[in-house]
Amino acid sequence: MLQSKLFYKINKDKSSEIESVSHDLLVRAGFVDQLMAGVYTFLPLGFLVLKNIENIIRKNMEEVGGQEMLMPALNPKENWIKTGRWDTVDILFKLKGVGDKDYALAPTHEEVVAPTAKKFIFSYRDLPLSVFHIQNKFRNELRAKSGILRTREFVMKDLYSFHANQEDLESYYEKVADTYINIFKEVGIGESTYRTFASGGSFSKYSDEFQTITNAGEDIIYLCEKCKLAINKEIKEENPKCTKCGGIDFVEKKAVEVGNIFKMGTRYSEPFDLKFKDKDGTEKLVLMGCYGIGLGRLLGTIVEVNHDEKGIIWPKSVAPFLVHLIQLGSNDKVQATAQKIYQDLNKNNIKVLYDEREDKSAGEKFAESDLMGTPLRVIVSEKTVAKNSVELKERNKSEAKIIKIKDLQKVINNVYNLL
RNA sequence: CGGGGAAUAGUGUAGUGGUCGCACGAGUCGUUCGGGACGAUUUAGCCCGGGUUCGAGUCCCGGUUCCCCGACCA
961 MLQSKLFYKI NKDKSSEIES VSHDLLVRAG FVDQLMAGVY TFLPLGFLVL KNIENIIRKN
1021 MEEVGGQEML MPALNPKENW IKTGRWDTVD ILFKLKGVGD KDYALAPTHE EVVAPTAKKF
1081 IFSYRDLPLS VFHIQNKFRN ELRAKSGILR TREFVMKDLY SFHANQEDLE SYYEKVADTY
1141 INIFKEVGIG ESTYRTFASG GSFSKYSDEF QTITNAGEDI IYLCEKCKLA INKEIKEENP
1201 KCTKCGGIDF VEKKAVEVGN IFKMGTRYSE PFDLKFKDKD GTEKLVLMGC YGIGLGRLLG
1261 TIVEVNHDEK GIIWPKSVAP FLVHLIQLGS NDKVQATAQK IYQDLNKNNI KVLYDEREDK
1321 SAGEKFAESD LMGTPLRVIV SEKTVAKNSV ELKERNKSEA KIIKIKDLQK VINNVYNLL
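Mapping of the first sequence onto the numbering used here: residues 961 to 1379, in sequence order.
It cannot be assumed that every hint is accurate.
[What the hints assert, rightly or not] Taking lysine-lysine and the BS3-like style, the derived pairs with C-alpha atoms no more than 27 Å apart in a straight line are:
| hint | residue 1 | residue 2 |
| --- | --- | --- |
| 1 | K1188 | K1204 |
| 2 | K1293 | K1235 |
| 3 | K969 | K1357 |
| 4 | K1078 | K1244 |
| 5 | K1270 | K1307 |
| 6 | K1244 | K1011 |
| 7 | K1042 | K1235 |
| 8 | K1204 | K1270 |
| 9 | K1145 | K1347 |
| 10 | K1370 | K1347 |
| 11 | K1037 | K1078 |
| 12 | K1276 | K1135 |
| 13 | K1037 | K1135 |
| 14 | K1011 | K1097 |
| 15 | K1244 | K1201 |
| 16 | K969 | K1270 |
| 17 | K1270 | K1145 |
| 18 | K1105 | K1054 |
| 19 | K1019 | K1135 |
| 20 | K1364 | K1343 |
| 21 | K1214 | K1239 |
| 22 | K1300 | K974 |
| 23 | K1019 | K1307 |
| 24 | K1300 | K1370 |
| 25 | K1193 | K1145 |
| 26 | K1276 | K1244 |
| 27 | K1145 | K1237 |
| 28 | K1361 | K1300 |
| 29 | K1186 | K1214 |
For the record, the hints were derived by calculation from the structure and aren't laboratory data. Quick caveat, the model's predicted, so the values are computed rather than measured.
Start from the sequences and build out the full structure, keeping to the hints where you can.
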């Protein structure tokens, strides 16, 4: 991508209304744009990151047997009446259609997936089953906040699983929990993300939240100092001692909930009469589990965890571009060299943003590059060209290296393979 | 939803009731070219609706929107 063509603008000044770090950086670097409170556009840069996150999640969901599909956001009122949630879920967006008919914009998809499953699940032979989709959710949050960390419309991955018995549900649930941990590692927040034993949900007494420790968080979690078990506030109030090791000392941390998984049991199979014939010929209710990750919130959390005073530091796995190729000066040799490197990297499927602009000073290019957070910065200038070299610097390191142009691809490959 | 702030150019800001000014950005021209460079020039603004007044960005009333705290929260 040529930087002069990229649809973005860097803004030097922080907006006076923005407080959270991720919001500030993502807006200033041109990743997202606010349409209204709690509703954001992902600009090309932000969308590239979002797609990378999406692909990591998709791959992991497929690894636990999830089949991807797509359910609609527009829902009939009747399904929400059936589960009793039309009147009890106060974040539910309700709207009127033709003939004064009532609709809901789905904040979650039990009301769609359960009745759909009823059409295809008849026998124990049809179980277990898990399906997921990655799609826009609508939640009429009383208060949207912290940029993309808490919005009214957001992209969510929700996986739903169907089981013949409790043991199967529980073993699958654990599998997904492990997969979640893996996802958070892959996107670069593994070290600060904890599977957190939680209660207070409305589906089952207990659930597991995946909480990433950061000051931007709106939740409080407690880490047992002895065994590092994480629990949420409700659990802490019920159990003064650690439920795992009996420890009594906890560290209190602010955290963002990046994922949540539930064993729903028959909560949704019952209202939709989702049953199957078991081996012994008896009819039983299907047991369900659900597993969600908010992609935008995850993206924002990645920035909260990975940044410095100059800007974002994207983990390589989700970065919009792997390489930021910066051309300094525009004499023929520098330009030809930079263009050649750009073409060669493209040929090798390296995602590269090429700053070929001639009207920007070096300092401005560096500052923008740091703000934007691309993992590898490659500089081509008169100085480097004279030595048949480029300067290469990793965003998260302070020192730069001079390397021969002929070795560039190899060095990039090495860095790339460190994923 | 309760409470608290705020709204002037794309962004950040200044403005006793008396012609809305500055900086950054953006455009053009030129000089620059390794950490937000320089000169010239251009561009663009008082949230909306009422009211008071000779005169309102400023005062009053109503509305809208945004931000923050809390409550809420698959």
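Hints versus structure:
1. For the hint pairing K1188 with K1204, the CA-to-CA distance comes to about 10 Å; that is within 27 Å, so the pair holds.
2. A C-alpha spacing of about 72 Å is found between K1293 and K1235, which places the hinted pair above 27 Å, so the restraint is violated.
3. Of the supplied pair hints, the one linking K969 and K1357 holds, its CA atoms being roughly 25 Å apart against a limit of 27 Å.
4. Using a Cα cut-off of 27 Å, the hinted pair K1078 and K1244 holds, with the two alpha carbons roughly 13 Å apart.
5. Simply put, K1270 and K1307 have alpha-carbon atoms about 31 Å apart, too far for the 27 Å limit, and the pair is violated.
6. Between K1244 and K1011, the direct Cα distance comes to roughly 40 Å. Violation of the 27 Å bound is thereby established for this hinted pair.
7. At roughly 16 Å between alpha-carbon atoms, K1042 and K1235 fall within 27 Å of each other, so this suggested pair holds.
8. In summary, the hint linking K1204 to K1270 is not supported, as the alpha carbons are separated by about 41 Å, beyond the 27 Å threshold.
9. Taking the CA atoms of K1145 and K1347, the gap is about 39 Å. The hint is violated against a cut of 27 Å.
10. As the CA atoms of K1370 and K1347 are separated by approximately 18 Å, the hinted pair is consistent with the 27 Å bound.
11. Distance check on the hinted pair: K1037 and K1078 sit about 18 Å apart at the alpha-carbon level, within 27 Å; holds.
12. Among the hinted pairs, K1276 with K1135 is consistent with the structure: their alpha-carbon atoms are about 26 Å apart, no more than 27 Å.
13. A threshold of 27 Å between alpha carbons decides the hint, and for K1037 with K1135 the separation of about 34 Å lies outside it, so the pair is violated.
14. About 17 Å separates the Cα atoms of K1011 and K1097, which keeps this hinted pair within 27 Å; it holds.
15. Between K1244 and K1201 the CA atoms are separated by roughly 38 Å; this puts the pair beyond 27 Å, and the hint is violated.
16. Among the hinted pairs, K969 with K1270 is consistent with the structure: their alpha-carbon atoms are about 17 Å apart, no more than 27 Å.
17. With a CA separation close to 24 Å, the supplied pair K1270 and K1145 stays within the 27 Å bound.
18. Restraint check: the Cα-Cα separation between K1105 and K1054 comes to about 22 Å, which is no more than 27 Å; the hinted pair holds.
19. Under the criterion of a C-alpha separation no larger than 27 Å, the hint pairing K1019 with K1135 is consistent with the structure, at around 15 Å.
20. Annotation: proposed proximity of K1364 to K1343 holds, straight-line Cα distance about 13 Å (limit 27 Å).
21. Between K1214 and K1239 the CA atoms are separated by roughly 48 Å; this puts the pair beyond 27 Å, and the hint is violated.
22. Annotation: proposed proximity of K1300 to K974 is violated, straight-line Cα distance about 37 Å (limit 27 Å).
23. Annotation: proposed proximity of K1019 to K1307 holds, straight-line Cα distance about 25 Å (limit 27 Å).
24. The suggested pairing of K1300 with K1370 holds, with an alpha-carbon distance near 16 Å, which does not exceed 27 Å.
25. With a CA separation close to 25 Å, the supplied pair K1193 and K1145 stays within the 27 Å bound.
26. Taking the CA atoms of K1276 and K1244, the gap is about 47 Å. The hint is violated against a cut of 27 Å.
27. Proposed proximity of K1145 and K1237 is contradicted: the alpha carbons are some 40 Å apart, above 27 Å.
28. Distance check on the hinted pair: K1361 and K1300 sit about 20 Å apart at the alpha-carbon level, within 27 Å; holds.
29. Taking the CA atoms of K1186 and K1214, the gap is about 19 Å. The hint holds against a cut of 27 Å.
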